[in-house]
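Enquirer: Listed here are the chains, written in short residue letters.
2 protein chains.
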Amino acid sequence: MPELRKDPIVGRWVIIAKNRADRPQDLSEDALSPPAGEECPFCEGNEAQTPPEIMALREPGTLPDQPGWRVRVVPNKFPALELEGDFNRRDSGMYHTMRGVGAHEVIIESPRHLAGTTELTADELRDVFWIYRDRLLDLKKDSRLVYGMIFKNVGAAAGASLDHAHSQLIVTPIVPISVAEEIAGSQEFFRHRGRCVFCDMIDEELAFEERILVDSPGFVAFCPFAARFPFETWIVPTAHASHYETLSRAQSEELARVVQRVLEKIEAALDRPAYNYIIHTAPFDTFALDHYHWHIEIIPRVTKTAGFEWGTGFYINPVSPEEAATFMRELPAV
Amino acid sequence: MPELRKDPIVGRWVIIAKNRADRPQDLSEDALSPPAGEECPFCEGNEAQTPPEIMALREPGTLPDQPGWRVRVVPNKFPALELEGDFNRRDSGMYHTMRGVGAHEVIIESPRHLAGTTELTADELRDVFWIYRDRLLDLKKDSRLVYGMIFKNVGAAAGASLDHAHSQLIVTPIVPISVAEEIAGSQEFFRHRGRCVFCDMIDEELAFEERILVDSPGFVAFCPFAARFPFETWIVPTAHASHYETLSRAQSEELARVVQRVLEKIEAALDRPAYNYIIHTAPFDTFALDHYHWHIEIIPRVTKTAGFEWGTGFYINPVSPEEAATFMRELPAV
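In order, the protein sequences belong to chains B and L. In terms of our numbering, the numbers along the first sequence are unbroken and rise by one, the last being 334. In terms of our numbering, the numbers along the second sequence are unbroken and rise by one, the last being 668.
Because the hints were derived from the structure by calculation, they are not lab data. It cannot be assumed that every hint is accurate.
[Claimed, not checked] Derived pair list, reagent style DMTMM-like, types lysine to aspartate or glutamate, alpha-carbon separation capped at 20 Å: (1) Lys-6(B) to Glu-538(L); (2) Lys-340(L) to Glu-322(B); (3) Lys-340(L) to Glu-181(B); (4) Lys-6(B) to Glu-656(L); (5) Lys-340(L) to Glu-188(B); (6) Lys-77(B) to Glu-38(B); (7) Lys-77(B) to Asp-123(B).
Can you build the whole structure from these sequences, using the hints too?
Expert: Below is the structure:
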């Protein structure tokens with residue numbers, strides 16, 4: 001069973017999840033594709049190679065764990081957290097620890113062996129964003145769990161271990177520290193100005209124009225003013241909402257179109273880089289928050305972070321967001 | 335001139351430092367060694383290839399920027415921050431920005447072309463730790479500057495752009511966010527328990543033993559309870575001190591020996607991995623703090639961080655610190 005441990009200085013929780021390898025020093029990354037001769041476990045027809053599915057969008061009349069699906073959700077074969085059991089919170093000397101209760105699911109985005117989000121059809125990507133919502137709504141019924149992190153790793157440099165298009169959901173019994181800081185910061189802003197910092201940011205960016213990448217009625221995509229990474233891009237819904245799971249069907253359609261346009265630009269600008277996207281949303285145990293605003297952060301993995309960044313949270317970005325957005329806006333044909 | 339920008343949500347400052355490349359998408363990493371046919375700019379005899387030296391430990395009678403040095407400090411040729419000028423703090427709409435005033439220095443650790451910290455002689459490494467102190471004492475005289483980050487990147491995966499042994503010092507006009515959080519967290523601990531959290535941790539680790547790597551009279555090295563990364567190791571002085579620059583000559587000798595023993599173990603365990611070390615110390619504009627304790631964090635770069643970690647600050651570590659420390663303690667011959 002994985003273990004959650006709390007750092008006594010900053011209060012950051014980490015998951016200590018036993019290595020899959022036999023020896024502690026065997027840490028080589030998983031290969032991006034299955035070894036030669038093995039089939040992709042995420043392709044249609046290979047359903048038996050994953051744990052039994054949690055849910056799927058399927059053709060009428062098809063059976064679970066059989067072909068006929070469009071999007072399929074399965075438990076991660078090597079979960080960082082496990083659903084069974086109680087927390088068993090305890091102290092070990094000055095340290096706090098609990099059992100790694102939670103969920104770790106994989107959303108397989110297409111039955112076809114596609115690598116990129118931009119290769120999905122608009123309908124497939126809409127279904128993916130819709131399924132994220134379904135999974136959050138389902139998992140938040142479990143009162144032990146308070147936060148759902150949805151993220152996607154594309155490319156080995158971004159941490160992906162399989163290249164078939166998929167994203168992941170990790171649901172935890174604690175609020176991750178960066179999320180807690182984001183919520184505290186936006187609350188502070190609200191206390192001073194009486195407005196949501198993300199709503200203000202949308203107004204500011206639309207007025208300034210230079211950092212805007214896509215301006216769609218329901219979503220604005222821009223390179224943030226204090227971007228940590230070159231070509232970092234945020235996608236923010238124009239209507240204030242703190243929880244991703246309030247997404248409407250129409251919004252999921254539009255979000256799919258906007259995300260695809262943004263990723264097409266990033267892929268054209270940086271020659272199909274590895275990237276991550278992460279959905280930032282409010283904790284399960286909060287009601288609609290006036291001060292927080294869900295959004296998606298896309299981070300191309302084109303520079304290596306050095307010791308400086310790890311040690312301090314202080315990033316050096318060699319490309320200004322104005323430069324990145326202008327470059328992407330002016331790309332031909334995308 | 336580089337620019338400092340503040341994220342309006344969490345208050346994190348980033349440096350936007352103009353790309354050295356002509357086009358924003360040219361982000362390929364520097365090669366680890368100079369191109370074929372070019373000499374290493376950090377080797378003795380090639381002093382003219384760096385900016386003029388700031389200081390050096392030299393044989394009597396030798397001249398600056400000439401051979402005869404043991405450790406040499408030069409400005410970074412591509413500085414993230416620059417010393418000249420004032421801050422020019424200003425608002426740009428809802429955003430805060432200031433000019434990137436600060437220092438960015440390189441400490442060249444040996445005149446010989448050695449790649450690893452473990453290849454330095456004990457005297458060389460002692461001189462390096464002593465020079466860190468000298469540079470902090472010198473730069474903290476500049477009242478515009480409040481924080482000095484000393485770090486070392488070894489290996490391309492850790493962000494090193496040259497393989498000749500060197501470390502870096504970045505001095506900033508703001509306290510980096512992770513440092514501010516560490517100080518706030520340790521202050522909170524002190525308020526509740528009346529003790530320094532790091533002092534408590536030393537006692538706890540020495541009593542528990544399993545996570546201890548090196549137990550020397552003046553320094554304890556251990557894998558921290560809530561380690562974010564496999565084989566992450568901290569080195570903490572046993573005598574309480576908040577500021578690195580209070581290091582004594584005798585401490586610098588002992589620190590060099592402890593750091594070398596720890597790195598030898600890490601290199602033997604992981605087959606000479608890329609790694610970073612970062613010195614965590616108190617801001618210039620504070621006096622001796624009862625609640626904060628300077629220390630060194632060593633992070634081997636053996637796993638890729640995925641979107642999950644970036645988005646949330648929530649790390650998954652596949653090797654428990656007990657397992658890592660036990661493995662390293664039991665290595666033969668090191």
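Enquirer: Run every hint past the structure and note whether it holds.
Expert: Tested hints:
With a CA separation close to 15 Å, the supplied pair Lys-6(B) and Glu-538(L) stays within the 20 Å bound. Proposed proximity of Lys-340(L) and Glu-322(B) is supported: the alpha carbons are some 15 Å apart, at most 20 Å. Annotation: proposed proximity of Lys-340(L) to Glu-181(B) holds, straight-line Cα distance about 15 Å (limit 20 Å). As the CA atoms of Lys-6(B) and Glu-656(L) are separated by approximately 15 Å, the hinted pair is consistent with the 20 Å bound.
Proposed proximity of Lys-340(L) and Glu-188(B) is supported: the alpha carbons are some 15 Å apart, at most 20 Å. Only pairs whose Cα atoms come within 20 Å are accepted, and Lys-77(B) paired with Glu-38(B) is accepted, the gap being roughly 16 Å. Annotation: proposed proximity of Lys-77(B) to Asp-123(B) is violated, straight-line Cα distance about 27 Å (limit 20 Å).
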